[in-house]
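Chemist: Protein sequences appear in the order of chains A and B.
So for the first sequence, my numbering puts the first residue at 1; every next one is plus one.
So for the second sequence, my numbering puts the first residue at 1; every next one is plus one.
Quick caveat, the hints were computed from the structure, so don't treat them as lab data.
Please note that the accuracy of each hint is not assured.
Claimed, not checked - One side only, chain A facing chain B, incomplete, derived with CB under 7 Å: (1) PHE122; (2) PRO124; (3) GLU141; (4) ARG142; (5) GLY186; (6) ASN204; (7) VAL205; (8) TYR206; (9) SER214; (10) ALA215; (11) ASN218; (12) GLN220.
As the list claims (entries may be wrong) - Computed list of lysine-lysine pairs in BS3-like fashion (alpha-carbon distance at most 25 Å, straight line): (13) LYS65(B) to LYS201(A); (14) LYS201(A) to LYS171(A); (15) LYS65(B) to LYS180(A).
To be verified - Every beta carbon over 12 Å from chain A, so not counted as near; a handful from chain B, in silico: (16) GLY5; (17) ALA156; (18) ARG181; (19) ASN198.
Built from N, CA and C at the ideal position, the CB exists for glycine as well.
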Amino acid sequence: MRRLQFPLALLVLALALIASACGGSNEAADTQATGGGTDTASAVDPCAKDQLELATAGQLTIATDNPAFPPWFQDAEGAPWDPTTEPTGQGYEAAVAYAVAEELGFSEAEVAWVVVPFDNVFKPGPKDFDFDVNQVSYKPERDEAVDFSDSYYDVEQAVVTLKSSKFAGAKTLAELQGAKLGAQVGTTSFDAIVNTIQSSKDPNVYNTNNDAISALKNRQIDGLVVDFPSTGFITAVQVPNATTVGRLPAEGQEYFGLVFEEGSSLRDCVNGAIASLRESGRLDEIAQEWLESSSPPVLK
Amino acid sequence: MRASGVSGVRSILIALASTVVFAVAIVVVVSSAPGWPEVRRQFLNREVFRESLDVIPEAFLLNIKIFLIAEVFILLLALLIAICRSLPGPVFFPVRALSIAYADFFRGVPTILVIYVLGFGAPGLEISGIPRDPLFWGTVALVLVYSAYVSEVYRAGIESVHPSQEAAARSLGLSRAQTLRFVILPQAVRRVMPPLLNDFIGLQKDTALVALLGPVEAFRQSQIEVASNFNYTPYLVTAILFVLLTIPLARLTDWLVLRDRRRQFALGGAR
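Okay, chain B solo, but in the shape it has when bound (with noise of 0.2 Å):
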């Protein structure tokens, strides 16, 4: 099912034709529809955009801060779980029970929920020595639902690794703790590098709840933006930011992948 020269140069005409007209037709029903100057007035405008560049970087750094602080212990509690869930015999049935729950519960859970349960929960019990900054509880809620999902994500590249590597590295005398370290997590690890990252996007997003609880990041203050000046265009800067700040990272895992799988191709060329 070749296409000839002669087809592949009408395809790709064809596809540019076709792209072209849609984009024009979606200008112009969207610019001729009664309500378009008012949308345009209410999210496009332009001075409004400049004054929200003023403010809203600034309050994103938080977003930034949060990501970076909960990502940490995220990878670690996550992988934590992972390991637990894993672990073979029945002696460690209840290790294995109680991970398996607690990737359920904290996967099931809306995250806007456990943020306002702890946000305000946890505080309210009145514990003495127990913090009440709205910041470090939003950032464990977070932490704890996304290591519910991140966690998933390591066991399946644990699982994917062959039971083989496994017997081979403990008939090389690794012990048990050995070969998960020097085998089969760095395997694993590389192998979930795509969704995990896919959830690292997801945190980040996600840090815009943390403003439930009171602390002023991008998204609340594009909001008293959009409340001060009745115009949504701050909504727009925030989106702005947010993809900003994801484009860099997909790019980041892309060459990462890439260079594994040529590491790989490499070393079997090698042999």
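Okay, chain A solo, but in the shape it has when bound (with noise of 0.2 Å):
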């Protein structure tokens, strides 16, 4: 086996491809697995913070993309923020990570922050991060390669337009007909263009959101899919004569969950402190110091 490991990695190098499948840390997370589960028994709380499995020992490696944008994360001035400057703390999920991170026994300065482009993490193999905040919704088939939290935050879509616009007015689905809509690629805003708004012309699809939100601007399209939370940071800041059409309803149980590697064991205990800090409260506080807003129509 030692003998291989050589032109493996070799191989591994040369094939971009399934770079990030060596299997190396893989095995040596399952050896600690089953190393720690038989020695220490029942006895010890599996989620104390010495017994966590974690990407980097002793801090607790949260992914996120650059840059983050408000209200999910935001600097001190309120822009987006660089995960790669100081964290702030500011904005829903950064609030929820830090959250999160004090239920699991790390302090502020055991956080440590990487980024990650949301396309990425859903690479397969192992992960150098313990898990991802970045506005994922849970889908089954997302759940086939990494594994998800419970929801931290429950969602709905929105339509933005500019106030010109002739969709502007649009009180039901039906009057969103025709429109030429754009959304983020891979995101849950364009499966509800699909499937929930069914408008007649095909929609574009963007890499960023600040590229739809570029396309709005220009006119090339109609109107914008975004998450309801973003709506506000659009609509008063990067397009200020944009507003908010109205909301999607909500298909089945959309929400966003923390993402980790397929299997990870630190998930239970993270759904753990999500559980606690559901129940105590904390959750709801977040949500209403950096997501409330008055929140437009639905739209049927």
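Since each chain sits alone in its own frame, please combine them into the complex, following the hints.
Modeler: Shown next as structure tokens:
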């Protein structure tokens, strides 16, 4: 087995495709897990800080995309936060992340942030973060590649148009027929265009919400579909002449979950932390603080 | 250094054995990798492959459309630039300088930047009469960038035609334009067919960049499929489609080059 290691490592280097599938750290994690389980039995709390299996020992490594946008993350000035800079703990997801860390017994200084683009969160193989917090909606298909925590936020989608648009006054989904809509690729917002609104025009799809917002400004699209909590920042700061037409009826139980490596043992402990935050009302407080805004009507 | 019959057979056998060993080694090492089952599930999923075949080829038509439209304009614009650059005499200096600056600029700037700047910037100017359609601006960006490359290919072809050809044509009473049209360009274009094709293939692939501006082409459609399945197999489908488009084009050029060579040699023989 040891002799295989060298050519194996070479191959892994050569084939970028399977770079992340290298099994070295997996094995290490497995032996650690079985070792821990047999030695300590039930006497030790598996969620005690020193029992957690972490990407980097002694710290909680949390991933998100760069830049991270309000109201999910923000810097001291209320602008989008660059995770490579000093953490502020401001914004809904930042606050939830620190609250979870606190429940697990980590101080603020023991939380480290890493940048992981949205698409890369789901690459197969071991992760160099403990969990990712990036407005990832739970989907059964997604759950096959990674593990999700329980909900830390229940999502609604919303439609944003320019105030001058003929769709700005839409009161029903039917009135959005014929609208050229746009959304970020791979998001639930995109699914909402296809499944809920079902406009007769094919949607435009963008790499980032920022690109979609540019297209809205340029009137290359009639409307933009985004997570409802993002609409506040868009209509207030990014496109002041835009307005939120309305929210979309929720499709099933849609929520944001923290994302873990498939089979992560940390998930149950984090779920425990989220449950206790929910019970104590802390989660609601955080939502009140960062997501509160006057809610537009639900389009039906 | 001619190989004898025996050693010829021997080298064939060695090549064969080496290829087999090499292939087996790759298969064994890859499939015995601890992450292989996971990678196979993520990248080579039959079910997802079949699902992707329903939607991605349709989106791929957009790539072909962009490619075909852009190609026509590229061939024309690039030729114009190349001719401008080969105009002789001091009077034409500004034209030459401009075409050099053009080629330098658009070969130097990353295509993705040109697409972003034109696609989101030009409509943002709000000049009335300027189209907003991202497809339009994406195609314009590709035309601008690829014309710079192709103009250099043309220029190389034009310069490869021996000056005596031009002198002979002029001495026969052909005007400068006629010389270019009937003597220089036919020879030049024929010689640069392979590198021209090279740029065509590059263009085919770069049509995927237009997706940045919103239109859903094959790559974007596969991204959508990837995101909804959390499985990377749709990328494989798109890769196959692009390769399938490239191969006939490559064979066509091979054939054109071959036909051309045959004609030239046949002509030489007849003399």
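Chemist: For each hint, tell me whether it holds in the structure or not.
Modeler: Hint-by-hint comparison with the structure:
Here the hint on PHE122(A) is kept, as its CB sits about 5 Å from the closest CB of chain B, short of 7 Å. Interface hint at PRO124(A): satisfied, since its Cβ lies 5 Å from the closest Cβ of chain B, which is below the 7 Å cut-off. Proximity of GLU141(A) to chain B holds as hinted, the smallest CB-CB distance being about 5 Å (cut-off 7 Å). Against a cut-off of 7 Å between C-beta atoms, the interface hint on ARG142(A) holds, since the closest Cβ of chain B lies about 5 Å away.
Contact between GLY186(A) and chain B, as hinted, is supported at the beta carbon level, the nearest pair being about 3 Å apart and thus within 7 Å. With a least beta-carbon distance of about 3 Å to chain B, the hint placing ASN204(A) at the interface is held under the 7 Å criterion. With a cut of 7 Å, the hint placing VAL205(A) at the interface with chain B holds, because the nearest CB-to-CB distance is about 5 Å. Because the smallest distance between the Cβ of TYR206(A) and any Cβ of chain B comes to about 6 Å, under 7 Å, the interface hint for this residue holds.
Checking SER214(A) against chain B: minimum C-beta separation of about 5 Å stays under 7 Å; hint holds. With 7 Å as the threshold, the beta carbon of ALA215(A) comes within range of chain B, its nearest partner Cβ sitting at about 6 Å, so the hint holds. Interface hint at ASN218(A): satisfied, since its Cβ lies 4 Å from the closest Cβ of chain B, which is below the 7 Å cut-off. Taking 7 Å as the C-beta contact cut-off toward chain B, the hint placing GLN220(A) at the interface holds, the least distance being around 5 Å.
The hinted pair formed by LYS65(B) and LYS201(A) meets the criterion: a straight-line CA distance of about 19 Å does not exceed 25 Å. The suggested pairing of LYS201(A) with LYS171(A) holds, with an alpha-carbon distance near 19 Å, which does not exceed 25 Å. Using a Cα cut-off of 25 Å, the hinted pair LYS65(B) and LYS180(A) holds, with the two alpha carbons roughly 21 Å apart. Non-interface status of GLY5(B) relative to chain A is upheld: no Cβ of that chain comes within 12 Å, the nearest being about 37 Å off.
At roughly 34 Å from the closest C-beta of chain A, the C-beta of ALA156(B) stays outside 12 Å, upholding its exclusion from the interface. At the 12 Å boundary, the C-beta of ARG181(B) stays outside the reach of chain A, the nearest C-beta of that chain being 42 Å off. No beta-carbon of chain A comes within 12 Å of the beta-carbon of ASN198(B); the shortest separation is about 24 Å.
Comparing the model with each earlier hint shows no violations; every hint is respected.
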